[in-house]
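Asker: In order, the protein sequence lines correspond to chains G and P.
Residue numbers for the first sequence follow numbering that gives the first Met the number 0, beginning at 0 and rising by one.
Residue numbers for the second sequence follow numbering that gives the first Met the number 0, beginning at 0 and rising by one.
One thing to keep in mind: the hints can contain errors.
[Unchecked claim] Computed spacing ranges between beta-carbons, pair by pair:
hint : chain 1 : residue 1 : chain 2 : residue 2 : range
1    : P       : 66        : G       : 25        : 18 to 26 Å
2    : P       : 128       : G       : 20        : 42 to 50 Å
3    : G       : 87        : P       : 27        : 46 to 54 Å
4    : P       : 58        : G       : 96        : 51 to 59 Å
5    : P       : 253       : G       : 20        : 26 to 34 Å
6    : P       : 128       : G       : 16        : 48 to 56 Å
7    : P       : 13        : G       : 12        : 51 to 59 Å
8    : G       : 12        : P       : 701       : 55 to 63 Å
[Unchecked claim] Covered stretches of chain P, going by a simulated chain G footprint (3 or more residues, C-beta under 8 Å):
hint : segment
9    : 21–30
10   : 161–170
Hints are computed from structural coordinates only; laboratory data are not their basis.
Given the structure is predicted, the values throughout are model-derived calculations rather than measurements.
For every residue, glycine included, the Cβ atom is placed at its ideal position computed from N, Cα and C.
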Amino acid sequence: MDLKNIDINKEIGAVGDVLNQEQKTKGLLIHAFQKLQSEMNYLPEEALKALGEKLNIPMSFVYSTASFYKQFYFNPRGKTIVKVCTGTACHVRGAGEVLSELKEEFGVEEGETTEDLSMTLETVGCVGCCGLAPVATINEDVIGEIDDERINEIIQSVKEA
Amino acid sequence: MSDKLVTMEIDGLTVQFPEGMNLVDAARSVGINIPNLCHLEHMRGVGACRMCVVEVEGMRAPNTACTMKTKEGMKIKTDSEQIKDLRRMVIDLILSMHPLDCMTCPKAGVCWLQDLAYQLDVKDSAYGRKSFDFEIDDSNGFIERDPNYCILCGKCVRVCTAQNTNILEFMGRGVGSKVTTERDKPLNETDCTFCGSCLDACPVNAILESGRRLKGREWELFKTDTVCTLCGAACPIDVSEKDGKVVKITSPKPNAFICAAGRFSYDSLAAKNRVTTPMIRSNGELKETSWVEAIKVISDKLASARSNPAKVGILASAAVTNEDAYMLQKLGRAVIGTNNVDSTASLYDTSTVPAYQKAFGKIAGAERCITEADLIIVLGMNASQWSRTLPAIDAKIRKQVSGGAKLIVLDPAEIKLAEVATKHLKLAEGTDTSALAALMAVLVKEKLVNKNRANKAKGLADVRNAASSSDVAALCAEAGLSEEDVKEAAELIAKSKVPMLFYSTGVSAKDNGVDTVLQALNLSALIGGQVLPVGLEANMAGVAAMGLSPLTLPGFAADGKKLAKAWKTDLPEAAGIGAREMLNGGLDFLYGVGDLPVSEGYEKPAEFVVAHVTHMNEFAKTADVVLPSPAFVEQEGSIINYYGRMKMLWSAVEPAADVMAPWQMAAELAESLGYKTKVDILDDVTEEVEKLALPPEKTTQTTSVITPSKGTGSGLAASGSMMTLSGSVIDASKVSELMRQAVTA
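All chains should be modelled from the sequences, with the hints used to inform the complete structure.
Answerer: And the structure:
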């Protein structure tokens, strides 16, 4: 996203006809966050600064808006995102063990990213396939019925990615 | 709010309010206090805390009063059992996440949560206690933030946003949200100016003065309402004292602004460079002495210097009180026989006094307050919270703009205030008179202002005629402005009801400043506006009124007859010299008071120099005698602020030095030279000031047609802030550092 040359009216589209300038610039924020994050996989401070300056919105407000949403990240994320389900069914079927094994292997805590940016470890409430518990996702793929063998497969696929 | 009155019923009381008034403010105005934690007077209600719920007849459920407006026939109950239960629930929930350490909390006694819990009899939360163990931000020497106490009312966020400082915001969401800075940075890593508006707004202990802990509980503090004299904004301040020491300084009005210097620089009272006793130079070094000895040495010198009064000068900073200024000029004129009396105001403003004398016969004030203004015009005034030049004026203008007022900035430079301007007219350097003439020409020619809105002024018809016969295109060309821009600005003026024009050193230090000020007064008369001349020091208007200037006599008297009679002496006839000439040297005797802005390595300006100062400064370093003077919050007397209003200074603490005020010293010297002053106490001076030096009450403006000209020069304006601390002209970039030193001193 070329932050210096954002065409506010073009980005905001038809709805811009009924908005004033302040509403337009504030309204553009989330759209811009999503675009920035899809390009850089997180929201770097410099990019947000450039965005705030371009839209004439204070940094405190930029961060206030972005931090409201769980989908936005302020630190770089790993190439592979592993999310371990800790929902009720997975919890009962040993999600805790899955999580601690991954933590140990990659030397990260929950929510953290490895130093080489290869992997981010997160937890998730429920992915909707409790019959396969314990479950984890690797990027968009769901891995179910995780046992020792499958954990090794997960570790392997992260390392090979 | 409209002018229409509506009749309503509150708790059985039938009352009338203007329609559309905020319900919490309306109820308070008739003595009914609707409890709240998040409401800020004069600002839009946000309904965050839910404490102000009231029953409204005809509504299904109770609603928050701060988000409702007065309307005809409304019937509300503010204190029913149902309402109390709802409020108890709110307090119960807040307490479940608030430390219950009222016994050591510095806010005990002024904590809104504590008050409401008491009123509603909630001892502890029924939900147990949850804490997020947030980190405390005590990164700087001024403000400490402890989010663990925060009740998320958002007041600090709103005051910070309204004044456009934009540092604090809500981060995250839900129960775990937190009021903090971008990326949760400590305050000293942000653009925070440490004004502490958030501190005054915080109803609990989440934002506190650093070092406030264990310095005294609220009910042990003795508060004095006085005025800060550190810059031209002269803000009202509330000084809290315990055991002779200042504990904190706050804004007396909720939701007002005072800057970091006014709030925190009281540590400078006991700074290492404070002059605590009189000192006399012997063998090249300043040595401590007694007042008796110091006065004897000075009066002996003065007795011989008096034989050539043209070589004697008295110069004070324009932050001295009216009483100081009056007695100092009296010492000069009546006792020594010289008009060489001046203040530092003439270093940055050579226009206000002559222009106002021509237009009003005095420095006139404004009758309206900035909070009423719907249009603000800023002319040659680079007020900025960030560079710490007249910070309160910057904040007040920004707040007014946030509240919907329009702002026209007339300035060649891209000044910081211009970023919030509705219209920035970037005129060519020095062409203020042309730009103002162009505005007036458009207003008159296009019939944008009718005659009814004009101020009463003599000669306004001539000004109007001159405007209607002038060439807009030519004037715009002269000022380097496009006609379209000038028209847009004129339309903003046309739409306004209460326009106010601020000007400062950007025009008043220029060689055509008198014309610019007169032109600004013409414009203001034409549009029914107010003009506010803002000086860099607190008492610019006062020192002029008191006659501490070679150009004015006390009370702006036209001649010295009345004074000569009262003073029982002839007044000197020879014209006096001003501050710049006095500081340039060549005198026999110079009595300097307060912070005279001279730079390092300054050479002694007279054969014999007396410096009457609070702190050791570059001027005092050259002096033969150095005398201690009361500092800010220790001074007593009065000043005249930029609104032209008389404000009283009350000494909030005993001076931290063996001081004598300049007015006392002037009286002592006069007596020692054989002049009977009849002055023993401050009241004696005040009485004399009231008789001889008060500006005339009501005068009608006389306008004069101004021929546009090009001005040059910028006086002291370029050297930036005159705000002083620890006795030196402050480099804006160093202020935080200096204040931190003062804190640790």
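Asker: Now, for every hint given, state plainly whether the structure supports it.
Answerer: Hint by hint, here is what the structure shows:
1. P/66 to G/25: 18 to 26 Å: The hint (18 to 26 Å, Cβ to Cβ) holds, given that residue 66 of chain P and residue 25 of chain G are roughly 21 Å apart.
2. P/128 to G/20: 42 to 50 Å: holds (46 Å)
3. G/87 to P/27: 46 to 54 Å: holds (51 Å)
4. P/58 to G/96: 51 to 59 Å: holds (55 Å)
5. P/253 to G/20: 26 to 34 Å: Given about 32 Å between the Cβ atoms, the range holds.
6. P/128 to G/16: 48 to 56 Å: holds (51 Å)
7. P/13 to G/12: 51 to 59 Å: Once the Cβ atoms are compared, 52 Å apart, the range 51 to 59 Å for residue 12 of chain G and residue 13 of chain P holds.
8. G/12 to P/701: 55 to 63 Å: Since the Cβ atoms of residue 12 of chain G and residue 701 of chain P sit about 58 Å apart, the hinted range of 55 to 63 Å holds.
9. 21–30: With 0 residues close enough to chain G, the hint is violated.
10. 161–170: Since 6 is at least three, the answer is holds.
Going through the hint list in order, the structure does not satisfy hint 9, though it satisfies all others.
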